[in-house]
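Asker: Produce the complete structure using the sequences and hints provided.
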Amino acid sequence: MDISDMEDLIKNLLDREWEMFTNVSNEGGRAACQDDRDTFDIMRKSQFSIWNRECLLSYLNDLEQARQSGRNLMTEKYGYMMADTAPNEFDRIKDLLPEVTEEKERLSEELTEKQVAWMEQFRKQYPDLGKRGRPLRRHDSGAVLETSLETYSHGELLTYSVETLRLLKRRFEQLEQEYENPGILVMEATARQYGYRSVQEAQDHLKSFNE
Numbered sequence: 001m002d003i004s005d006m007e008d009l010i011k012n013l014l015d016r017e018w019e020m021f022t023n024v025s026n027e028g029g030r031a032a033c034q035d036d037r038d039t040f041d042i043m044r045k046s047q048f049s050i051w052n053r054e055c056l057l058s059y060l061n062d063l064e065q066a067r068q069s070g071r072n073l074m075t076e077k078y079g080y081m082m083a084d085t086a087p088n089e090f091d092r093i094k095d096l097l098p099e100v101t102e103e104k105e106r107l108s109e110e111l112t113e114k115q116v117a118w119m120e121q122f123r124k125q126y127p128d129l130g131k132r133g134r135p136l137r138r139h140d141s142g143a144v145l146e147t148s149l150e151t152y153s154h155g156e157l158l159t160y161s162v163e164t165l166r167l168l169k170r171r172f173e174q175l176e177q178e179y180e181n182p183g184i185l186v187m188e189a190t191a192r193q194y195g196y197r198s199v200q201e202a203q204d205h206l207k208s209f210n211e
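Residue numbering for the sequence shown follows the working numbering, starting at 1 and increasing by one per position.
Hint data in this document are derived by calculation from the structure and do not stem from the laboratory.
Check before you lean on any hint, since a few could be wrong.
Said to hold, decoys possible - Only pairs whose alpha carbons sit at most 30 Å apart, straight line, appear in this in silico DSSO-like list of lysine-lysine:
1) Lys-169 <-> Lys-45
2) Lys-114 <-> Lys-94
3) Lys-169 <-> Lys-207
4) Lys-124 <-> Lys-94
5) Lys-45 <-> Lys-104
6) Lys-131 <-> Lys-169
7) Lys-114 <-> Lys-45
8) Lys-131 <-> Lys-45
9) Lys-124 <-> Lys-207
10) Lys-114 <-> Lys-104
11) Lys-169 <-> Lys-11
12) Lys-169 <-> Lys-94
What the hints assert, rightly or not - The following label-pair restraints were derived from C-beta to C-beta distances:
13) Pro-127 <-> Pro-98: 35 to 43 Å
14) Ala-117 <-> Ser-49: 31 to 39 Å
15) Lys-124 <-> Glu-178: 26 to 34 Å
16) Glu-110 <-> Gln-65: 20 to 28 Å
17) Ser-69 <-> Glu-173: 25 to 33 Å
18) Ser-49 <-> Gln-121: 16 to 24 Å
19) Gln-200 <-> Asn-26: 34 to 42 Å
These numbers were taken from a predicted model, which means no experiment stands behind them.
Each residue gets a CB set at the ideal place from its N, CA and C atoms; glycine is no exception.
Answerer: Okay, structure coming up:
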């Protein structure tokens with residue numbers, strides 16, 4: 001599969017995810033981010049930039065299976081996140097969510113820990129960029145009332161099939177053998193989409209404003 005084929009595959013994923021995301025119902029009304037397709041595409045494309053073909057195709061199948069059964073994976077993601085963000089409400093809705101097997105929970109926890117550890121390392125290397133992101137750990141999010149990366153990633157991973165999680169684990173382990181910190185690859189992709197040549201250039205730009 002060449003680059004254009006990978007781009008088409010990712011666009012297919014983005015279109016399917018966006019359809020679900022923009023149709024999530026919120027108790028407090030529609031969120032502004034549900035009308036911001038550009039930012040949505042940048043964030044999701046950056047995440048998918050380190051996935052390989054097998055991971056992308058497996059997740060595409062997850063999205064198609066969900067569509068055929070009338071499920072919205074984005075709604076389920078926010079539902080799983082409520083175990084951390086709104087425990088009492090989660091107790092009322094948890095039986096409406098797909099059951100999480102022991103293997104799925106274990107894989108989701110392992111992959112979440114990898115992603116959070118990558119970002120912890122990234123923030124040490126690029127502090128001006130890093131501090132603009134969401135809190136990393138569950139225990140860091142209370143004071144700022146913002147959902148942590150740990151909670152967000154874990155909730156999302158629980159919506160993936162076990163097969164997709166297995167493939168992602170294999171891919172992440174491969175990346176960790178090739179790169180000191182694969183998370184920087186995601187942030188490089190994000191920086192380029194915002195018009196910077198690199199993460200370092202984005203870091204230097206922000207640092208100049210903070211001095």
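Asker: All hints are to be evaluated individually against the structure, with a verdict given for each.
Answerer: Each hint tested on the structure:
1. Distance restraint check for Lys-169 and Lys-45: the Cα-Cα separation of roughly 19 Å lies within the 30 Å cut-off, and the hinted pair is therefore satisfied.
2. Between Lys-114 and Lys-94, the direct Cα distance comes to roughly 26 Å. Compliance with the 30 Å bound is thereby established for this hinted pair.
3. Our distance criterion of 30 Å between C-alpha atoms is broken by Lys-169 and Lys-207, whose separation comes to about 35 Å.
4. Note on Lys-124 and Lys-94: the hinted pairing is violated, with a Cα-Cα distance of about 37 Å set against a maximum of 30 Å.
5. For the suggested pair Lys-45 and Lys-104, the alpha carbons sit about 24 Å apart, so the restraint of at most 30 Å is met.
6. Simply put, Lys-131 and Lys-169 have alpha-carbon atoms about 27 Å apart, close enough for the 30 Å limit, and the pair holds.
7. Straight-line distance between C-alpha atoms of Lys-114 and Lys-45 comes to about 19 Å, which keeps the hinted pair within the 30 Å bound.
8. Our distance criterion of 30 Å between C-alpha atoms is met by Lys-131 and Lys-45, whose separation comes to about 21 Å.
9. Straight-line distance between C-alpha atoms of Lys-124 and Lys-207 comes to about 14 Å, which keeps the hinted pair within the 30 Å bound.
10. The hinted pair formed by Lys-114 and Lys-104 meets the criterion: a straight-line CA distance of about 15 Å does not exceed 30 Å.
11. Between Lys-169 and Lys-11 the CA atoms are separated by roughly 23 Å; this keeps the pair inside 30 Å, and the hint holds.
12. Proximity of Lys-169 to Lys-94 is assessed by CA-CA distance (about 26 Å); at most 30 Å being required, the pair is judged to hold.
13. Take Pro-127 and Pro-98: their Cβ atoms lie about 39 Å apart, and the range 35 to 43 Å holds.
14. Checking the proposed 31 to 39 Å range against Ala-117 and Ser-49 shows it is violated: the Cβ atoms sit about 19 Å from each other.
15. Here the CB-CB span from Lys-124 to Glu-178 is close to 20 Å, at odds with the stated 26 to 34 Å.
16. Taking 20 to 28 Å as the suggested C-beta distance range, the pair Glu-110 and Gln-65 conforms, at roughly 23 Å.
17. At roughly 31 Å, the beta-carbon separation of Ser-69 and Glu-173 lies within the given 25 to 33 Å, and the hint holds.
18. For Ser-49 paired with Gln-121, a C-beta distance near 18 Å keeps the hint of 16 to 24 Å intact.
19. As the Cβ distance of Gln-200 to Asn-26 is approximately 37 Å, the hint placing it in 34 to 42 Å holds.
Consistency with the previously given hints fails for numbers 3, 4, 14 and 15, ordered from lowest to highest.
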